[in-house]
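According to UniProt numbering, numbering within the sequence shown proceeds without interruption in unit steps and concludes at 369.
Honestly, the hints are just simulated from the structure, not real lab data.
Relax, there's no trap hidden among the hints.
The list that follows gives simulated cross-link-like pairs (lysine-lysine, BS3-like), each with its CA atoms no further than 30 Å apart:
no., residue 1, residue 2
1, Lys208, Lys317
2, Lys294, Lys208
3, Lys219, Lys325
What follows is a set of in silico ranges between Cβ atoms, one per label pair, in the way DEER data are often shown:
no., residue 1, residue 2, range
4, His202, Ala68, 37 to 43 Å
5, Glu22, Thr234, 58 to 64 Å
6, Asp25, Glu59, 19 to 25 Å
7, Ala151, Arg115, 24 to 30 Å
8, Pro242, Gly146, 49 to 55 Å
9, Met233, Gly299, 27 to 33 Å
10, Thr234, Ala39, 55 to 61 Å
Just so you know, these numbers come straight off a predicted model, no measurement behind them.
Yeah, the Cβ is synthetic: ideal placement off N, Cα and C, and Gly gets one too.
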Amino acid sequence: MLIGLCGGICAGKSSIASYLVEEHDFKRIRLARTAETPAVEKSASNVHVPTTGADVVDEQDVFQDVDALLDFVTLRWRERWVTIDIWDDTAVDALLRRPFFLLVSVDAPVSVRWRRFTDRCATNQLTPPTLEDFVLRNDEHLFAPGTGLSALFQRAQLKLLNSTCSISSLRGALRSLNLTDEARLRPSWDQYFMRLADLAAHRSNCMKRRVGCVIVREKRVVSTGYNGTPRGMTNCNEGGCPRCNNAAKGGTGLNTCLCLHAEENALLEAGRDRIGGSATLYCNTCPCLTCSVKITQVGISEVVYNQGYMVDTMTAKIFAESGVKLRQFSPPADGLVDLSLGVTSDESTKTSAEDVRDVLNDDSFIRPL
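Using the sequences and the accompanying hints, generate a full structural model.
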């Protein structure tokens, strides 16, 4: 595993790298910088402000180009490596082609980064730039046409907002985030199929909510579905379903709704014969009572969902009585994560309950969206 950390000056890259080294046995490697040191890393007198001693790496772990670094790590990809030397798109293009690489961007408010940089200057007995000068230098570093790094940071699979006030709170948030989860590199089967369900949901034309569903047997996709009006009718988002296009509250007026649910479409597409036994239904939203009856009828053995819904408790009772396992799957956090808000551990959000009534008794089961 190779984690690349990118971000503006004093965003927290070195602190996160140190955390990975000290708590997860990562080893630092460095990509040599060939370009001139940017002004944002210099003091008021334009002297380069060195980083902490934690950034020092062995000479044999410094590489002159990204190809040499990749050749080295490829032979040792089962080990854990981290670098903060992500300089340009060329390097990112090469790194992202490898299945063992995770790009993480780190950012913080510019005023926070200026205070951190001021402290760094004080440690090295150098005069810091004024806040105004720092902002101008930062803008040049991140947004200069052709050389700015801001667009590069947007390519990261995981984006961390690090406005935490101390190293201990930062590390606590990182532990909760489970940054080293291997599923960030290669999704688990649950994560893979739930992503397919999320992708199917983007085809939804229902005005109320996007729902996607995937039916799987023996780790192979049998069918997919998303919610919306039936074939041949005007799409819901074009006025085809009066109920969804009015201000009807969730759970009301369902007898006038013309939209088929994602689960229904997936079941109709597959048919009972193709579903057979031991099939699993993945849905990004917990099925409703009507869908649960149909799911049970066709012989689905397990239902995996991500988000809760305003579900009648009869739904869970139907699955329990018919022997259909129901569980919630929450994938590792990705996208933009604010570390100051804290992150719920993946393990605490997963449920391994064999009986759906254990899920029903969990306060997190029924969650209106």
